[in-house]
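Engineer: Read top to bottom, the protein sequences are chains S and R.
Read in our numbering, the first sequence has 7 at position 7, and its numbers run on one by one without any break.
Read in our numbering, the second sequence has 18 at position 18, and its numbers run on one by one without any break.
Honestly, the hints are just simulated from the structure, not real lab data.
Every residue, glycine too, gets a C-beta built ideally from N, C-alpha and C.
Please note: incorrect hints may appear among the correct ones.
Think about it this way: if two alpha-carbon atoms lie no more than 16 Å apart in a straight line, the pair counts; the simulated EDC-like pairs of lysine to aspartate or glutamate are [stated by the list, open to error]:
1) S/Lys23 to S/Asp6
2) S/Lys87 to R/Glu15
3) S/Lys23 to R/Glu150
So these bits of chain R aren't anywhere near chain S, every CB distance computed over 10 Å [said to hold, decoys possible]:
4) Gly27
5) Ala57
6) Glu170
One letter stands for each residue in the lines below.
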Amino acid sequence: MKIRNDCREWRELLGVYALGQLKGDERTGLEAHLEGCAQCRAELALLAPVAQMLPHADPERFEAAAPQPPPELGARIAATIAGERQKVERQHRRRVFGGFALGGATAALAAAVLAIFVLGGGGGGQPEQHVKFTAVPKGVNIYATLEPHAYGTEIRMYVHGVASGTLCTVSLRGPHGVSYPAGTFRYRWGDDSEAVLSSALDLSRTRAISVRAGNRTFVAPVGRASIAANTNEEEPT
Amino acid sequence: MIQLGNSTRGALSRERDVREAYAAHSGELYGFAVRSLGDAGLAEEAVQETFVRAWRAGDRFDPKIGSLRTWLFAILRNVVIDLGRARAVRPGVAEGGIEPSVEPLEEALLSWQVEEAMRRIGEDHRRVIVETYYRGRPYAEVAEELGVPEGTIKSRVYYGLRALRVVLEEMGYED
């Protein structure tokens, strides 16, 4: 029997011991060492549960290559989630803006009054605001949700019905008509997703939101204090 | 700044988060799904459903409670149960040349974890554990075959088990 004075040498037998395969003098010697070595007992306590798990594995399975998901699965999942998100957003818009689906003169009157409405749930105790642009051509829909943040205002824009590829430029208007840019996006036909933009102007100081789509500018009032009709401004020539 | 989607929801609610989670964990999730369902097509379905459910419930994921990986596996476990039930009422749909698991799901998960951990340890360590433990070959015979002293084989078993422990802990194993 090899003389083992070094604790490390005994410790390196712990794997075979934990598997129940250490025999004879080596087993006897290691057990005697364990009696007096708390460090090796602690090490054995870590290895024993692992050794007990080995019977659960089948070497034929782990020696074979691990199955891999097909390369297109990630894209398929992304498309499924994108489709579901758009469906949820459409339902949300129908719920939020559904009140505008009225007809004729009633709709015009209601639109003037309801162009600004406030719902709870925004950040920091301030409400987010949902705005529908009412002074738009037939077949065009423009909605905006404005949410207050520390940096200013987040604007989620939904545009539908303008020519595909139209460049849309969004600004918030503060007191005295000062304009604060929020960003640009292109409307793509068939794309129901929202464009998320931001402006440095605080929502509490925002009086109106304007969207320049192509050569036309649409403006909707924002905030309770500034009830005004939506306007459709022709681009000055 | 322009981006699509609602940026105010919680972790995994954004599609970008789902893409990152997919890149990090889809291989493991798919491996377990194949192992437990025994069918590549069903496994794809299970992984897809797992990420869709995770996205829907993204606001409820709290990293303080557990890792994303653990959470995804918990969802997959439920998906596998649901698919298993559906398959039970639609016999004969499992195809694809992989033996379906007939073990209870917890046992399948444990087996998959150990097998995955064995894949991840070093080749030298895996080989001595396979030869001595799984194939029951004498240590002296394996040592001779590999051209190393018997003591080296024994120490490799020790370091192999230690490596397995580390990998299993990375996979969420606790005593």
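Engineer: For each hint, tell me whether it holds in the structure or not.
Structural biologist: Evaluation of the provided hints:
1. S/Lys23 to S/Asp6: Given that 16 Å is the threshold and the Cα spacing comes to 20 Å, the pair is violated.
2. S/Lys87 to R/Glu15: Holds, because 14 Å separates the two Cα atoms, which is no more than 16 Å.
3. S/Lys23 to R/Glu150: holds, 14 Å
4. Gly27: violated, 6 Å
5. Ala57: Given a closest Cβ separation of 12 Å, the condition holds.
6. Glu170: Its Cβ never comes within 10 Å of chain S, the nearest being 13 Å, so this holds.
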